[in-house]
Amino acid sequence: MRIAENLVDITVFSRVAEVGSLTAAARELGMSLPVVSKRLARLEQRLGMRLVSRTTRHLALTEDGRDFQAHCRRILAQIEEMEAALALRRGEVIGQLRVTSAVAFGQRVLAPLIAEFLCLHPAMRIHLTATDTMVDLIGGGFDLAIRSGAMPDSQLLVHPLAPSHGVVCGAPAYLARRGRPSHPRELEQHDCILSGDAPQDQWCFRSRSGEEAPVQVAGPASTSHGEVALALALAGAGLVVKPDWDAGPEVRLGRLEIVLPDWHIPEPPLQAVHAHGRLVTPRLRLFLDFLDERLRAGWP
Numbered sequence: 001m002r003i004a005e006n007l008v009d010i011t012v013f014s015r016v017a018e019v020g021s022l023t024a025a026a027r028e029l030g031m032s033l034p035v036v037s038k039r040l041a042r043l044e045q046r047l048g049m050r051l052v053s054r055t056t057r058h059l060a061l062t063e064d065g066r067d068f069q070a071h072c073r074r075i076l077a078q079i080e081e082m083e084a085a086l087a088l089r090r091g092e093v094i095g096q097l098r099v100t101s102a103v104a105f106g107q108r109v110l111a112p113l114i115a116e117f118l119c120l121h122p123a124m125r126i127h128l129t130a131t132d133t134m135v136d137l138i139g140g141g142f143d144l145a146i147r148s149g150a151m152p153d154s155q156l157l158v159h160p161l162a163p164s165h166g167v168v169c170g171a172p173a174y175l176a177r178r179g180r181p182s183h184p185r186e187l188e189q190h191d192c193i194l195s196g197d198a199p200q201d202q203w204c205f206r207s208r209s210g211e212e213a214p215v216q217v218a219g220p221a222s223t224s225h226g227e228v229a230l231a232l233a234l235a236g237a238g239l240v241v242k243p244d245w246d247a248g249p250e251v252r253l254g255r256l257e258i259v260l261p262d263w264h265i266p267e268p269p270l271q272a273v274h275a276h277g278r279l280v281t282p283r284l285r286l287f288l289d290f291l292d293e294r295l296r297a298g299w300p
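In UniProt numbering, the protein residues as written are 1 to 300.
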């Protein structure tokens with residue numbers, strides 16, 4: 001009984017450490033705030049050290065708390081793996097995956113795929129952290145990240161998922177007003193929406209046959225954020241280049257149309273990334289295979 005109580009205390013502390021709030025941890029665990037606070041205090045008393053530094057507005061782990069959190073993650077992960085292994089014998093896959101991706105990809109592609117995956121495997125749980133900040137997979141306790149571009153970190157293993165291409169698209173109202181370009185050079189006569197911290201005014205196209213066509217573009221509207229660029233295009237402000245997975249939902253709804261379908265702008269491929277040396281669990285393998293199948297079959 002004492003061991004079971006200790007595990008509950010460790011679980012409580014682990015959630016407090018992960019979410020950075022007693023109130024949020026209590027809500028996630030289905031406990032009252034006084035119970036969470038009492039269990040945390042009892043754990044600190046038993047260990048003889050302060051794990052959490054608290055003020056009325058702020059909660060932070062102490063140095064001892066950070067060290068203890070790393071041990072707690074390993075303990076809870078081992079327990080979860082034991083439960084998952086026993087469930088696998090019964091033909092079930094259970095447990096939680098912690099996944100991270102960029103906000104736009106998480107919203108437009110990953111969220112509907114996760115919903116489908118969880119319908120197929122109701123004993124699974126997935127927590128998605130959608131952020132445009134590059135997170136520390138190992139330090140953050142993530143099982144998987146969906147990223148693009150070079151991966152210089154040698155502690156990470158990369159699993160290619162699907163190619164990605166930049167496509168030019170615009171709202172039907174804009175195309176009705178300004179016409180539809182038939183070659184990248186004609187974009188010089190169009191309003192083009194530039195985006196990024198340093199907006200690029202040269203779009204380098206490649207045709208299906210391999211021909212390349214760099215084009216200098218301009219337009220009255222530009223923005224630092226890709227989602228704002230998409231909103232500008234939807235409002236009819238001009239033509240925009242978006243990854244095919246990003247434009248896809250709006251194209252299917254008829255809110256955007258792809259122009260220059262025989263041309264694209266090369267984009268880094270999408271990749272699933274996980275920590276080198278970390279066990280590829282049955283649930284992670286199942287999710288990787290699911291993503292691989294869905295994304296290679298075509299963008300959702």
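The reader is advised that the hints may include incorrect statements.
Have a look at the derived ranges for each label pair, beta carbon to beta carbon [to be verified]: (1) G149 x A235: 26 to 32 Å; (2) T131 x D262: 24 to 30 Å; (3) T133 x L29: 25 to 31 Å.
Derived by calculation from the structure, the hints in this document are not laboratory data.
Where is the CB? At the ideal position from N, CA and C, for every residue including glycine.
Hints, verified against the model:
1. Separated by about 29 Å at the C-beta atoms, G149 and A235 satisfy the suggested range of 26 to 32 Å.
2. In this structure the hint that T131 and D262 lie 24 to 30 Å apart at CB is violated, the actual value being about 35 Å.
3. At roughly 27 Å, the beta carbons of T133 and L29 sit within the given window of 25 to 31 Å.
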